[in-house]
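Novice: Using the sequences provided together with the hints, build the complete structure.
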Amino acid sequence: MTLEERKQEVIEEFSLYDEWLDKYEYLIELGKSLEAFPEEKKTEDRLIKGCQSRVWLDAEERDGRLFFTADSDAIITKGIISLLISVYSGRTREEIAADDFAFVAEIGLKENLSPTRANGLVSMINTIKKLAENGR
Amino acid sequence: MTLEERKQEVIEEFSLYDEWLDKYEYLIELGKSLEAFPEEKKTEDRLIKGCQSRVWLDAEERDGRLFFTADSDAIITKGIISLLISVYSGRTREEIAADDFAFVAEIGLKENLSPTRANGLVSMINTIKKLAENGR
Amino acid sequence: MSLTQIRSQFPILDTQVYGKPLVYLDNAASAQRPQAVVDCWKGLVEGSNANIHRAVHHLAAQATDAYEGARDRVKSFLNAEAREEIVFTSGATASMNLVAFSYGQVFVNQGDEIIVSVGEHHSNIVPWQMLCERKGAMLRVLETEENGLLSPAKLQGLLSERTRIVAITHISNVLGLVNPVKELVSVCHEAGVPVLVDGAQGVVHEKVDVQDLDCDFYAFSGHKIYAATGTGVLYGKRKWLDAMPPYMGGGEMIETVRFSGTTYAPLPMKFEAGTQNFNAVPTLVPALDFAQAVREEKAVADEQEAILAYVYDALMQDERITLYGTAREAKVPLFSFAVKGVHHEDLALILDKMGIAVRSGQMCAEPLMDHLGVTGLLRASFAPYNTLEEAKYFIASLNKAINMLI
Amino acid sequence: MSLTQIRSQFPILDTQVYGKPLVYLDNAASAQRPQAVVDCWKGLVEGSNANIHRAVHHLAAQATDAYEGARDRVKSFLNAEAREEIVFTSGATASMNLVAFSYGQVFVNQGDEIIVSVGEHHSNIVPWQMLCERKGAMLRVLETEENGLLSPAKLQGLLSERTRIVAITHISNVLGLVNPVKELVSVCHEAGVPVLVDGAQGVVHEKVDVQDLDCDFYAFSGHKIYAATGTGVLYGKRKWLDAMPPYMGGGEMIETVRFSGTTYAPLPMKFEAGTQNFNAVPTLVPALDFAQAVREEKAVADEQEAILAYVYDALMQDERITLYGTAREAKVPLFSFAVKGVHHEDLALILDKMGIAVRSGQMCAEPLMDHLGVTGLLRASFAPYNTLEEAKYFIASLNKAINMLI
Ligand SMILES: Cc1ncc(COP(=O)(O)O)c(C=O)c1O
Ligand SMILES: Cc1ncc(COP(=O)(O)O)c(C=O)c1O
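Chains as they are written, first to last, in the numbering used here: chain S, 1 to 136; chain G, 1 to 136; chain P, 1 to 406; chain F, 1 to 406.
Derived from the structure by calculation, the hints contain no laboratory data.
Note that the coordinates shown come from a computational prediction; the quantities given were computed from them, not determined experimentally.
Idealized CB from N, CA, C, for every residue including glycine.
With a straight-line Cα cutoff of 30 Å, these simulated DSS-like cross-link-like pairs (lysine-lysine) come out: (1) P:K135 with F:K239; (2) F:K42 with P:K75; (3) F:K239 with S:K129; (4) P:K42 with F:K75; (5) F:K239 with S:K130; (6) F:K237 with P:K135; (7) P:K75 with G:K49; (8) P:K239 with F:K135; (9) S:K49 with F:K239; (10) P:K135 with F:K135; (11) P:K20 with S:K32.
Not everything, but these chain P residues come out facing chain F in the computed CB check (under 7 Å): (12) D26; (13) V38; (14) A50; (15) H57; (16) L59; (17) N97; (18) H122; (19) T229; (20) M248.
Specialist: As structure tokens, this is what we get:
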């Protein structure tokens, strides 16, 4: 699936949920299903600044593509980072760097997750971009 | 004239003036007609604190009665202190100390002369009272 | 005043969030403002708007009267001895910084000690840390008892020859307990040590009489007690305020400004540098009137007591929940708690979507969080306009949210 | 926008005082607030009232957006490079105290020098005097030229190896002249000395571009530029703000609070201790929008120019009157003057009774008064909602008042 297709898919998935609580149920599920993140990787340099809850993000490059892993101590945040990962993992640096991350607003996350949380989201996005641009 | 009669007289004089500007004309006249206050008496201890313009007040006791002299660098203030003097000069300490100075409000000075100026007025009244109670 | 009448004074309570009626339980962060406060502010701005104190024109006179009238109201509200002991600031934080700087400037030297409790808000810790750093003084920390209260005996044990001031909270914004301030002050005064009381929460829940408490300083914010934001109060005993240098310079806090030397104005002007918040400070009058009126209203007291009992019991009985600040006899309806295995922020986010505004996180009391061994808590804080019904909806919603997350 | 349309946004302008239409010419002390500012404040209080930044609930999000939106607006208004360079304070006085303390704490030591001009407002003198006293530094005073302006050449002559900062006003609140700030800054920067510009009046009358001026700090108050009281701005170049310790402690100006040591939040939070004035700060948006709109309006510019010309000429031509701040090319419609043989306060009192609000006294610039050899002055300061007709009424009334008093 191309990046565009995957984003479209996420937008459609979210459009199924009218109710905020259902969106959260979905994010919680996503969070719970996120692949385990090794404790020893929860280091300062992998911690994303600007989130109220703690979020760790790591990237590995394989065959010219970036693969992300992540964790958070809050489950909804974990669901959000999980969602981002599911979209951006396996893409090339160029693809990620060129993306505008606008789909996040389209699924209503940005507006509705409060400014602090939104800042967290912005921080997550910025970190993903930075990883794509510079590597760690 | 007793203190009460003199106060009544002042209230009646002021009631002649509907217009604030006329009251001020009258106060200016009073100020201009105030007996000269010797320059050498313009000392710190005769200066009334709490007035925006400078006001000096002095009291002398003769035959058990207090006689006030005063000056100010602003003419309306001078008119006001002149008015106060014309009411309280020649009274006994007891008379002054017992007075409530309420006639000042009745002629509209307190409310209309702004808080700072009103504070100045309050300071003048307090100084007159203190002079009556303690002497200088 | 019935609860309905009280609620009708707060139009915001009819707001819908995400299509649900707003249940505002973040009152400890900031209260809502009654219509009378809005009207007061609007009336001043539209009718009596001018800079205060010095000008002699009509609008300035009106504005000054409103401002100085607020000082009289605060004086009577706190039962201070004199109006000169009431200093207006921009908030409780500014009040405490003022004391830390100005008292510290004269009375705190190298090697001296300052005592704060572990349960203090950052605003009653950081200014003292900054002072200690400037002066080479040391901060001593009074721990809370198991039930969350401060103990006069323990405080006594911490006082030393070098203690220069004790800074403690009346009611912690996390624990929601009324500390025995009078006894704490008395213990300090026996040792000749003055006490600053952080009354940011205390003034909201308790009738405060500074002469009875005998505290040396009492600080609070307008916005937590229904007044406009940007307003704050510092009560200080005259003997201290007189002995302290100004905190900020400028405007009319002076007697004479000369390049050869400046002298300062008498109290309270000495501490009110620059143009004051003259549109907002007078809103303290309707705000404190409201606070006092509801406090004296039996219907309100009953509802508050019912809320307190209901929520306290519900939280204490739920085995998944750990409530902090459990001393029932000293409790006000302000509850901070952890839910086992669940992040406070997740709860806050879900409750928000149910229309409920609660606070999550460290609540500006990180040392207390560390002390309690948590990264943050969830807090629900009630005001006189909250109902038992809302409390029940909150508990039911909390239960639902926990179940979603476990 | 016609002048009538502008005036209609200020309901207070229809007030009658003593049965006379209000003519408000005390704008330099505080401006009036347009309807949009009242509506903004009211809308926030009644619809989006909650403490900002940390809470994750809906009202807090709205309140935070409004507050942080104001930061963006101020950034664009001043053309700052980054929003982190915009710090909110309670007013210009607080902004300047912040710099005097925090910059002074790191950069000013015993024997160092600070330069201020003789024409400064107390708020840009006293904080520096207090700093000098704490640090054993010295205040050097830059005198104004005969026409009231500050001269870059003269400033250059005053700079020394020990000069650590220069603090000067953009427009004096007494003299009403636009100082050549860009040139003054350039002279200082050549010597490696940073410059604080007191923009309390400047921001009202001039389009300010801090990157063009290249000043290091720029301070102003909301209430003088149509916003709610209790709001203030400090612009500071990031390199300075980053290097400065916080001024006040508490609330969310921290990264981590530990008794073993506290670390501070990044800009701008580091300087915003305690609950901010979240109901009022967002009023800067409609206020600055208004300021910008009227500035770009030709009808307003023409009327202001006509007022300036009319009043300037009238005052200069009257032999009984001495106007201070005469440099015509740098003049804004703010006039301070003395009348021979007449006390300024008498004039202000009489004008007040004619409906005219003017300021009398030292105007918080006592050193300048001493320098000019007067005990005080009368000041009339005009805003874009004032009319030429009002200016004419003022001059006629002044004449009448003088005649009453001579
Ligand atoms: C030139 C100047 N600087 C500083 C100030 C102080 O501003 P504020 O009193 O609003 O803090 C004023 C106004 O009073 C002023 O006119
Ligand atoms: C106990 C306590 N102290 C101090 C403060 C600080 O008050 P403010 O932020 O209004 O300055 C607060 C509120 O945040 C508080 O709850």
